[in-house]
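Undergrad: Each chain is listed here by its residues.
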Amino acid sequence: MLLDALELIGIAAFAASGAVAAVRARLDVFGVVVIALTTALGGGALRDVLLGVHPPTNLVTWPYLLVASVTGVVVFRFHPALARLRRSVLLLDAVGLGLFVTSGTSTALALGVPAYAACLVGMTTGIGGGALRDVLLREIPLVLRREIYAVAALAGAAVVAAGDRLGLPAGLTALAGSALIVALRLVALWRRWNAPVPKEH
Amino acid sequence: MLLDALELIGIAAFAASGAVAAVRARLDVFGVVVIALTTALGGGALRDVLLGVHPPTNLVTWPYLLVASVTGVVVFRFHPALARLRRSVLLLDAVGLGLFVTSGTSTALALGVPAYAACLVGMTTGIGGGALRDVLLREIPLVLRREIYAVAALAGAAVVAAGDRLGLPAGLTALAGSALIVALRLVALWRRWNAPVPKEH
Amino acid sequence: MLLDALELIGIAAFAASGAVAAVRARLDVFGVVVIALTTALGGGALRDVLLGVHPPTNLVTWPYLLVASVTGVVVFRFHPALARLRRSVLLLDAVGLGLFVTSGTSTALALGVPAYAACLVGMTTGIGGGALRDVLLREIPLVLRREIYAVAALAGAAVVAAGDRLGLPAGLTALAGSALIVALRLVALWRRWNAPVPKEH
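Protein chains in written order, with our numbering: chain A, 1 to 201; chain B, 1 to 201; chain C, 1 to 201.
What the hints contain is simulated information worked out from the structure, not anything from laboratory work. Remember, predicted model here, so these are calculated numbers, not experimental data. Among the hints, a few may not be true.
What the hints assert, rightly or not - Taking beta-carbon pairs under 8 Å as the criterion, some of the chain C residues facing chain A (in silico):
no.	residue
1	V34
2	I35
3	W62
4	L136
5	R138
6	I140
7	I148
8	A150
9	V151
10	L175
Just so it is clear, CB atoms sit at the ideal spot from N, CA and C, and this is done for glycine as well.
Given only the sequences and the hints, what does the whole structure look like? Please build it.
TA: What follows is the structure in structure tokens.
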């Protein structure tokens, strides 16, 4: 129940991060919705494909589709207030990352995958949607450009895996792991806030 | 039987769209064939991976491989007559989109997937191959640049899902859905035929 | 046993090819490790997803993860000696291609896939990791730019399939197929060594 709510929040956050990036790339409203859906549902679909859950949960849960689509339309409609905020993509991306990494790790553990592989599946769940977003928009994926990205995801996944081993409640460790990921990302963003970003070539 | 024939036509159309795009990107004959195969078989392989059909039908049906490869070679051989025709990619892409969206939706419905998710799987089937083509050739995917692309796919998928609900023959609704998609795409192309395309950045 | 050792060597070779490419793209150490993991494990994960092996062998075999990660770190640490060597990516890529194509073909045959489809799965296994590497780094995939790439992969896969049909030992034909692929790639590289590479646009 708590995990379901967190999943919805993660979907909205990633949908918004995708929609803002799509608006910045000057796509029309349909392109924005497609990117919102892909960013929000891509990581979880990848998780289910890797784990053999057919059809992927994300594609047959209509509230997920609804939330992601509506988020895309809302961002498109109000983009004059959002489009220049590069930071907002990064913030939303951090929240989505935290929630998806932990839910992906939990799902893999529940299916009996070994802990280290569950961490990898969780990282893929969290990173996959954003990587698809960036590849489709022809940007180098965030995970490759930001130092603390993959490490933050790994740390959060490890918290969930350790909590599972210790028999702690899944909802609790998911929250703790998510909070850790968001905190690490925000610290990383804050520390580099004014740092020069290396020129891409 | 009718559906099998339509699938072959869709494969040839998408293979040709991929091959023309690859020729325009100045790839050699092997690169052209790889892109033709990827464009023609990628969407259906994605559909089967999402639905848990292993190994994907597209990869174990040799006429599909043959048709896609031969189409690639033919386009490469006769590209002087084709290479400048940007429109031909768009036309072939419309036919492939129509046939793949409807066949993907039908397949998902036959496996008991809910109607709205079947529409999403159908859209993914139709959009996936072309998106792979564009990502591999480093272009922003058509689906993101053309207003009526995703909507046309959704409309055709909805026709198939509605026909299934009403108990109409699958071949008939697949044809109707495909025709609707192709018509919507052609109208969209015709209306924008001379419209300035926004500069990419 | 022999096949297991070959798989490890292929993983190290592809991890190194990914890491060198990532270093050339000026990624930081974490980005380099992510690209090393993706290049080394991506093709095999794709193979298992296509064949319905859940979760993918690559993700639950910790020596693979360890070898790929360590290779990434080592390449990053010693990149001043490696970074300018564009050739080293191509050489390592050839070795990884040979080993992955043959292991992918063998795996598919063992699961009862028809020979021609097993060749396609093997080619996808060999080409998939490098294609992911190139897409993530925004380069046109090697397989599309190098004439003998897809053909070499196909030839090696055919050797494995023919050996299987003739009842020859799998380890032997895998070695022969790998050697053929590496030889074809090296000849192709040597012949074009000083040839002008067409300007990308």
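Undergrad: Decide, hint by hint, whether the structure agrees.
TA: Comparing the hints with the structure gives:
Look at C:V34: its Cβ gets to within about 5 Å of chain A, closer than 8 Å, so that hint holds up. Against a cut-off of 8 Å between C-beta atoms, the interface hint on C:I35 holds, since the closest Cβ of chain A lies about 7 Å away. Evaluation of the C:W62 hint against chain A yields a held restraint, the C-beta minimum of about 6 Å falling below 8 Å. Hint status for C:L136 relative to chain A: holds, with the closest Cβ pair at about 6 Å, below 8 Å.
Among the interface hints, the one on C:R138 holds; its C-beta lies about 6 Å from the nearest C-beta in chain A, closer than the 8 Å criterion. Against a cut-off of 8 Å between C-beta atoms, the interface hint on C:I140 is violated, since the closest Cβ of chain A lies about 12 Å away. At a threshold of 8 Å, the smallest CB-CB gap from C:I148 to chain A is about 27 Å, leaving the interface hint violated. Because the beta carbon of C:A150 sits about 22 Å from the nearest beta carbon in chain A, more than 8 Å, this interface hint is broken.
Hint on C:V151 is violated. Least Cβ distance to chain A is approximately 27 Å, over the 8 Å limit. With its C-beta approaching chain A no nearer than about 29 Å, C:L175 sits outside the 8 Å limit, and its interface hint is violated.
Of the hints listed earlier, those the structure fails to meet are numbers 6, 7, 8, 9 and 10, in rising order.
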